[in-house]
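Engineer: One letter stands for each residue in the lines below.
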Amino acid sequence: DQQVKQNSPSLSVQEGRISILNCDYTNSMFDYFLWYKKYPAEGPTFLISISSIKDKNEDGRFTVFLNKSAKHLSLHIVPSQPGDSAVYFCAASDTLQGAQKLVFGQGTRLTINP
Amino acid sequence: EAGVVQSPRYKIIEKKQPVAFWCNPISGHNTLYWYRQNLGQGPELLIRYENEEAVDDSQLPKDRFSAERLKGVDSTLKIQPAELGDSAVYLCASSPINSWQETQYFGPGTRLLVL
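These protein sequence lines map, in sequence, to chains A and B. So the number in our numbering is just where the residue sits in the first sequence, counting from 1, plus 654. So the number in our numbering is just where the residue sits in the second sequence, counting from 1, plus 250.
Just chain A, same shape as in the assembly (with noise of 0.2 Å):
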């Protein structure tokens, strides 16, 4: 049962232009959002989070989208740089568990040419 879907394995993206990853979730009980970055060789980072009472949140480059009737969340980058090719995962919680247990997605290899 996956609860998190991130239905695009990879992504291929010209420099200077816009990428978008996009993420579904099925538990409407998820109030919290969140993207995480990978390098290889690397955990992952923490990118951008939102939480459900907004359907946007902008941080520089980068700004996730909301859609909480549609349970679909993205993540805008743009202008997209080189430094920008790693895996994207998106993770959401159930903050009224009142810990942060985060449900990952499968993960968008993200790849900005030249």
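The hints are simulated quantities; they were obtained by calculation from the structure and are not laboratory data. Hints should not be assumed to be uniformly reliable.
Derived pair list, reagent style EDC-like, types lysine to aspartate or glutamate, alpha-carbon separation capped at 16 Å [what the hints assert, rightly or not]:
hint : chain 1 : residue 1 : chain 2 : residue 2
1    : A       : K659      : B       : E294
2    : A       : K755      : B       : D336
3    : A       : K659      : A       : D678
4    : B       : K321      : B       : D336
5    : B       : K328      : B       : E264
6    : B       : K328      : B       : E352
7    : A       : K722      : A       : D678
8    : A       : K755      : B       : D307
9    : A       : K755      : B       : E294
10   : A       : K755      : B       : E300
11   : A       : K755      : B       : E352
12   : B       : K266      : B       : E352
Chain A is already provided as a structure; the job is to place chain B on it using the hints.
Structural biologist: Using the frame of chain A, we list chain B on its own:
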């Protein structure tokens, strides 16, 4: 500030052998997590500690997996005996306090291959 330290980084063992992984969280972080990441998948939580107490081990396969965090700092995760399906990356993460708002900081992981 030093990050989460894990060792070893790589381990190759034969099935039925025991194996142990070690994690040193960021100094001052009370909450510690162990995750397993299978190939092509995202991390899956195995166990969460608040100081030395295991507060969520519902996803830890207790027949062969065990973990401890004796002094509320370092932690070890053990598998005995290992099976072929245990081949994965084992990630340790820590956060300052037990709160849904706190960021989890991950170590580089231990890549286990069971032959």
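Engineer: Compare the structure with each hint and give your call.
Structural biologist: Quick rundown of the hints versus the structure:
| no. | hint | result |
| --- | --- | --- |
| 1 | K659(A) - E294(B) | holds (13 Å) |
| 2 | K755(A) - D336(B) | violated (22 Å) |
| 3 | K659(A) - D678(A) | holds (5 Å) |
| 4 | K321(B) - D336(B) | violated (27 Å) |
| 5 | K328(B) - E264(B) | holds (15 Å) |
| 6 | K328(B) - E352(B) | violated (27 Å) |
| 7 | K722(A) - D678(A) | holds (10 Å) |
| 8 | K755(A) - D307(B) | holds (12 Å) |
| 9 | K755(A) - E294(B) | holds (10 Å) |
| 10 | K755(A) - E300(B) | holds (13 Å) |
| 11 | K755(A) - E352(B) | holds (11 Å) |
| 12 | K266(B) - E352(B) | violated (38 Å) |
The structure fails to meet hints 2, 4, 6 and 12 from the earlier list, while all remaining hints are met.
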